[in-house]
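Enquirer: Based on the hints, put chain B in the right spot on chain A.
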Amino acid sequence: MIAELGQFALIVSLFVALVQAVIPMVGATRGDRAWMDVAQPAALAQFALIATAFGALMTCYVTSDFSVLNVVQNSHTDKPMLYKISGVWGNHEGSMLLWVLILSLYGMAVSIFGGNLPPGLRARALSVQAMISCGFLLFILFTSNPFTRVDPAPLNGDGLNPLLQDPGLAFHPPFLYLGYVGFSMAFSFAIAALIEGRVDAAWARWVRPWTLVAWCALTLGIAMGSWWAYYTLGWGGWWYWDPVENASFMPWLAGTALLHSSIVVEKRDTLKAWTILLAIVTFSLSLLGTFLVRSGVLTSVHSFAADPSRGVFVLGLLVLVVGGSLILFAIRGPGLKGGGLFTPLSREGSLLLNNVLMSTAAGTVLLGTLYPLFADALDLGKVSVGAPFFNAVFIPLMVPMVMTMAIGPLMSWKRGDLAGALGRLKAAFGLTLLVLIGTWLVAGGSAGPLWAAGGLALAAWLFCGALTEWAERVRLFRGPLSETVERMIRLPRSAYGMTVAHAGVAIVIAGITGSAAWTVEKIQVMHVGDVASVAGYDLRLEGVEDGIPGPNYMILRAHFVASKAGHLVTDLYPEKRMYRQPPRPTTDAAIHTNLLGDLYAVVGDADGTGGYVTRLYFNPLVPWIFIGSVTMVIGGLVSLTDRRYRVGAPLRTARAAAAAKGRV
Amino acid sequence: MLRRWSTLLPLAVFAVLVAFFAWRLVLITRGDAPNMIPSVMIDKPAPGFDLPPLVLDRPGTVTADLAGQVTLINFFSSWCIPCRAEHPLLVDLMVQPAVKGKLRLVGIDYKDKPEDGRGWLSRLGNPYQAIGMDRDGRVGIDFGVYGVPESYLIDRTGHIRYKQVGPFTADDIRSKLLPLLAELSK
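Residue numbers (the working numbering), protein chains in the order written: chain A, 1 to 664; chain B, 1001 to 1186.
Bound conformation, chain A alone (with noise of 0.2 angstroms):
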């Protein structure tokens, strides 16, 4: 009853998606406000709908009720209620469902926040996230049912991959797709202003806030699916230029290009046509994404049962609404005049820089995901592309990039002096230098520290440049404390968000370039009672416990007591983990950090002597990568804040404009 229930509710929305995108698109053309406001109630009536079916199909999930076949597929009693709850989004059905729910949540965003936007714009913009919810709602009713009922209901269900029951991979996908849909709003409003044919400073206003969401919470989602391969997956790596890796980061990099831009937009009224190009590349690539894990054409960990007529569809959907799109930019991007002139050495300059490299690192991880796919077909032999290829394509597009972006926000609007912004990033050079010499004499003057101590100047020179950034604008030390002060209240939040965002990339570089270069690894056969030493901690195998129950595995659990220069550090639990139900082993790796490393144990088989595998890394710095992370996440967060986006401002400011007006 509840799983029809939930059916049901999914097939209204699918109505009501087609009258919101319909009604309002015809309404803005004719300029019929009666038509234009059908937008609103039907954004707030989807999501209450795709709401319902997400319910019923949680309800289903947690009641363990087998006679729907996803919950057969994917669930089991024994199951922890969390997994049971995030087994809903742990499978292709689930996860489509999160997919149009969590759209059709930022369309009632926009129908709800939306009050102060052009009428025209707005409808606009629902329509065509409607179009986006029609084809998804009809990808999920026609190939990809949630609800499908068995009969005869099993006893029991298949289990949830051992791999997916984890804390963090229970909130990894809802953070990606906030991310990866969230995007779907820059496109919406992209396309709603080359129908309009114009794009201003108003227009870069409305759609940075809701950029800057999603990457936040694209940031957050993939940072999180980061840690969880470096705890899980058991040998102290965090990203492995997996397809499926790549494509959460291709809409990552396009995304943050488009952050970029659109200041350019708001500021400067210009670099129109780009921004709105990399509004439509940001989708994209996130719809491409949905499309390479789903249709089978890449195989992956991640990839969900292939099955083509899925990808045939997905495929259909990825040409109507990005070909669609992309010949609407061909149409109408002509006539995006840009207003602001400026010189290649200028603010502008520097954000065009980046924007160039960002897009060029994103067509870099795109053509390497899809490089096999088309060597095959060319017939250039088949080929494989890892992580060697990225790490040697990607890190020389960082390196120009971090180094600008230290400088660029120093350069002011339309010329910027460079000798100028150079001159007061001297004491940040100086720094830099510091950082260079010093990590080069401390690590020994081999090859492999070189680079690592360029890694490490590299962050140090943009942590610095960030720094200098804010205390140029607040004149500190150079005027009055008093002046210094007034000043830091009134620099606007969003100037902080970039500080706090940049400074946190270089934290992020500090941690790569950390755990590239000084990694220590041992592997031994370790019998209890024995000691192994690993950059100066020195671990003794306390004990190890076999045939510990756990909620749905058994429970090989090691005790290490690691101690460094004879005194006690930490405890060690590392366990390997059997599951009942599917039978698969997984590890689980004991952690201790001290910030400035992890100390990371890791226990494997029994050698059948009474020994056992264990494997024990110093990973140095590997916790500023996450650090760094949810920093630039904080970054974006604040500026977030700032009062130019905060929903209604202006609203407020025209009120008490009239409200003053009135007093006279």
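These aren't lab readings, by the way, just hints derived from the structure by calculation.
Backbone N, C-alpha and C define an ideal beta-carbon position, used for all residues, glycine too.
Be careful, since some hints might not be right.
[Said to hold, decoys possible] One side only, chain B facing chain A, incomplete, derived with CB under 10 angstroms:
(1) Ser-1006
(2) Thr-1007
(3) Pro-1010
(4) Ala-1022
(5) Pro-1052
(6) Ser-1077
(7) Ala-1085
(8) Glu-1115
(9) Asp-1116
(10) Asn-1126
(11) Gly-1147
(12) Lys-1186
[Stated by the list, open to error] Mimicking DSSO-like on lysine-lysine, the simulated pairs with C-alpha atoms at most 27 angstroms apart in a straight line are:
(13) A:Lys-522 x B:Lys-1113
(14) A:Lys-522 x B:Lys-1111
(15) A:Lys-522 x A:Lys-564
(16) B:Lys-1186 x B:Lys-1102
(17) B:Lys-1044 x B:Lys-1176
(18) A:Lys-414 x A:Lys-267
Expert: For chain B alone, kept in the frame of chain A given last:
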């Protein structure tokens, strides 16, 4: 004029992409790809190779070892996540009564750092009877490896009889590998 062309460019790039995808989907629908890319190597003798051992307790691998028994050569890599998913299936496969003694499983650690490959095996278990190290991927090229994981079933005379592109699934093992193994070991 230039501007008009430049705005058409993204559309052109996208059209090329779609053509590739459509071609790929046609292949998949026909059952040719990606898990069954027709290998030009099928029914040809396995290419010659001589690889140093990856781990101390198992030998490396040379072509001559292929004679006399049915062999499954599995290309894997520690940096490859699909291999991570496939690995437990191989461990399970090798202890099945239908397989024990009839199939020799040879691993080739493809474009990998030896220490990473060793760590991978120590953590996940070692189902291989012999493991070679193909650091520069040369042997992979000879075999026509498209990406990891990839596996080749080789008969007693050293001829390639089946190619699995991408990870084995439980279904692939049941419906393709085991029947073929039964036939080849008659």
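Enquirer: Hint by hint, say whether it matches the structure.
Expert: Against the structure, the hints:
1. Annotation: interface hint on Ser-1006 (chain B) holds; nearest CB of chain A at approximately 8 angstroms, less than 10 angstroms.
2. Hint status for Thr-1007 (chain B) relative to chain A: holds, with the closest Cβ pair at about 4 angstroms, below 10 angstroms.
3. Among the interface hints, the one on Pro-1010 (chain B) holds; its C-beta lies about 5 angstroms from the nearest C-beta in chain A, closer than the 10 angstroms criterion.
4. Using the Cβ-Cβ criterion of 10 angstroms, the hint placing Ala-1022 (chain B) at the interface with chain A is satisfied: the shortest such distance is roughly 6 angstroms.
5. For the restraint placing Pro-1052 (chain B) at the interface with chain A, the shortest Cβ-Cβ distance is roughly 18 angstroms, beyond the 10 angstroms limit, so the hint is violated.
6. Given the 10 angstroms rule on beta carbons, the hint for Ser-1077 (chain B) holds: about 7 angstroms separates it from the nearest Cβ of chain A.
7. Annotation: interface hint on Ala-1085 (chain B) holds; nearest CB of chain A at approximately 4 angstroms, less than 10 angstroms.
8. The interface hint given for Glu-1115 (chain B) holds, since its Cβ lies 7 angstroms from the closest Cβ of chain A, which is under the 10 angstroms cut-off.
9. Evaluation of the Asp-1116 (chain B) hint against chain A yields a held restraint, the C-beta minimum of about 7 angstroms falling below 10 angstroms.
10. Among the interface hints, the one on Asn-1126 (chain B) holds; its C-beta lies about 8 angstroms from the nearest C-beta in chain A, closer than the 10 angstroms criterion.
11. Because the closest C-beta pair between Gly-1147 (chain B) and chain A is about 4 angstroms apart, less than 10 angstroms, the hint holds.
12. Restraint check, Lys-1186 (chain B) versus chain A: the minimum CB separation of about 31 angstroms is more than 10 angstroms; hint violated.
13. Between Lys-522 (chain A) and Lys-1113 (chain B) the CA atoms are separated by roughly 14 angstroms; this keeps the pair inside 27 angstroms, and the hint holds.
14. For a cut-off of 27 angstroms, the pair hint linking Lys-522 (chain A) to Lys-1111 (chain B) stands: about 21 angstroms separates their Cα positions.
15. This hinted pair checks out: Lys-522 (chain A) and Lys-564 (chain A) have alpha carbons roughly 16 angstroms apart, not beyond 27 angstroms.
16. The straight-line distance between the Cα atoms of Lys-1186 (chain B) and Lys-1102 (chain B) is roughly 10 angstroms, inside the 27 angstroms bound, and the hint therefore holds.
17. Distance hint between Lys-1044 (chain B) and Lys-1176 (chain B) is fulfilled; the C-alpha atoms sit about 19 angstroms from each other, no more than 27 angstroms.
18. This hinted pair checks out: Lys-414 (chain A) and Lys-267 (chain A) have alpha carbons roughly 11 angstroms apart, not beyond 27 angstroms.
Violated hints, in rising order: 5 and 12; the structure is consistent with all others.
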